[in-house]
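Asker: Produce the complete structure using the sequences and hints provided.
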Amino acid sequence: MNYSLQRLQRLLRAYPSLNLRIDVDQQHHQAHVNLPGLRYDDIDHTGQPSMWRLLNMCGRAEHSAFYHADSFLKYTDLYKQGIATVSKAVTMEIGSHFYEVTTPKAPIQLKLNVIGIADTSFTTCISMMVGGRLKPSIIIKNLNSVLHRESGLVEQVPMWWRTHFSNYLPKFPEKPVILNPPEVVGQTFSHHLTVPYSDTDTSGKTRHPMYMRYFFDNMSIASNRGFYRKFTDTHEHQVRRMFMVSYGTSQWGDALTVETFENPEEEDLKVHCFVGKNGQIQWYGCIEFFPTNIT
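So the sequence shown is numbered by the numbering used here: it starts at 302 and just counts up by one.
Source of the hints: derived by calculation from the structure; they are not laboratory data. Just so it is clear, the structure is predicted and the values come from calculations on it, not from any experiment. Idealized CB from N, CA, C, for every residue including glycine. A hint or two may mislead.
[Stated by the list, open to error] No more than 20 angstroms apart at the CA atoms, straight line, and that leaves these computed lysine-lysine pairs for PhoX-like: (1) K506 / K578; (2) K436 / K406; (3) K375 / K406; (4) K442 / K476; (5) K578 / K389; (6) K412 / K472; (7) K442 / K412; (8) K506 / K389; (9) K442 / K389; (10) K375 / K442; (11) K476 / K389; (12) K472 / K442; (13) K436 / K412; (14) K531 / K571.
[What the hints assert, rightly or not] Derived DEER-like restraints, expressed as beta-carbon distance ranges: (15) E451 / P482: 19 to 25 angstroms; (16) T347 / E451: 43 to 49 angstroms; (17) I479 / D518: 32 to 38 angstroms; (18) P482 / Y380: 30 to 36 angstroms; (19) S499 / H449: 24 to 30 angstroms; (20) L306 / V455: 16 to 22 angstroms; (21) P482 / N525: 23 to 29 angstroms; (22) Y341 / W553: 23 to 29 angstroms; (23) I479 / G453: 15 to 21 angstroms.
Answerer: Next comes the structure, spelled out in structure tokens:
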């Protein structure tokens, strides 16, 4: 048994101990996950929700739904067929009302469904509702690339899966969208790190939320040192949208270089990030902020 499979099996055995309520609607091919709410660790010292932690929580919930007994999107059938998926690109949009202190952050309800199918990928959507609100506070779209589990090579979406789930797509299905980084970069603020074991998934690769944590850490230090022109303190600004895309992989023990820079467009409140390994870009991310800071 390979090491990746052992890690996956240990993780799946741990899920029942969380008493996580997951309901997979096989008729409509949706999943609903109920969580008690945010923890103290999910709020930083400024009172802001930690976005990379929320992204991590939603990703874990989707993973557990995939491997649930009823298996969201028949994922275990794909797995038995020798197919795996990897998260290629993620977008996360946050409504301004989520930051209101009068908005309860508990309980949390997640709704998962498929919103797009391409030749070698499919897109899932996670809608987060908090405090009993029916309107989503956070919407996450995850572009999953389909791979051969052993070789890691790109695979076509199986025809039986495509035929079945195409009937459950929205009226206007989501098309794969990967945001390109700006052509003009300019001066960057960089720091170096080594990937710890806890930042990797069951295959041993670094996860999107961990890259985003590296992004936030770098951005915090850069703003504290006065590197940015538009942000004297990024902690005083609320995140509106996050985008990330993986170009390669990094693993436990890899040495990475994290670089951030402001958007070249004067009117945009965006910060960009590149994460590189051995001189090659492995990951790109962009954070857009609301125009007004916290009062």
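Asker: K412 and K472 were given as a pair; does the straight-line alpha-carbon distance stay at or below 20 angstroms?
Answerer: Measuring from Cα to Cα gives roughly 18 angstroms; hence the hint holds.
Asker: Given the range 16 to 22 angstroms, decide if the beta-carbon distance of L306 to V455 lies inside it.
Answerer: holds, 21 angstroms
Asker: Per the hint of 24 to 30 angstroms, is the separation of the Cβ atoms of S499 and H449 within bounds?
Answerer: holds, 28 angstroms
Asker: Given the hint that K476 pairs with K389, does the C-alpha gap stay at or below 20 angstroms?
Answerer: holds, 14 angstroms
Asker: May I ask you to test the hint 23 to 29 angstroms on the CB atoms belonging to P482 and N525?
Answerer: Cβ of P482 to Cβ of N525: about 24 angstroms, so the range 23 to 29 angstroms holds.
Asker: Check whether the Cα positions of K472 and K442 lie no farther apart than 20 angstroms.
Answerer: Given that 20 angstroms is the threshold and the Cα spacing comes to 17 angstroms, the pair holds.
Asker: Is the distance from the Cβ of Y341 to the Cβ of W553 consistent with 23 to 29 angstroms?
Answerer: holds, 28 angstroms
Asker: Would you say the C-beta atoms of E451 and P482 sit inside 19 to 25 angstroms of each other?
Answerer: Since the Cβ atoms of E451 and P482 sit about 32 angstroms apart, the hinted range of 19 to 25 angstroms is violated.
Asker: Keeping to a limit of 20 angstroms between CA atoms, is the pair of K531 and K571 held or broken?
Answerer: holds, 9 angstroms
Asker: For a C-alpha distance cap of 20 angstroms, please report whether K375 and K406 respect it.
Answerer: Violated: K375 and K406 sit about 31 angstroms apart, past 20 angstroms.
Asker: Check the hint pairing K506 with K389 against an upper bound of 20 angstroms on the C-alpha distance.
Answerer: Distance ~13 angstroms between K506 and K389 Cα, so the pair holds.
Asker: Does K389 sit within 20 angstroms of K442, going by the straight-line distance between their CA atoms?
Answerer: Distance ~11 angstroms between K442 and K389 Cα, so the pair holds.
Hint compliance for this structure: hints 3, 15 and 17 are not met, and every other hint is.
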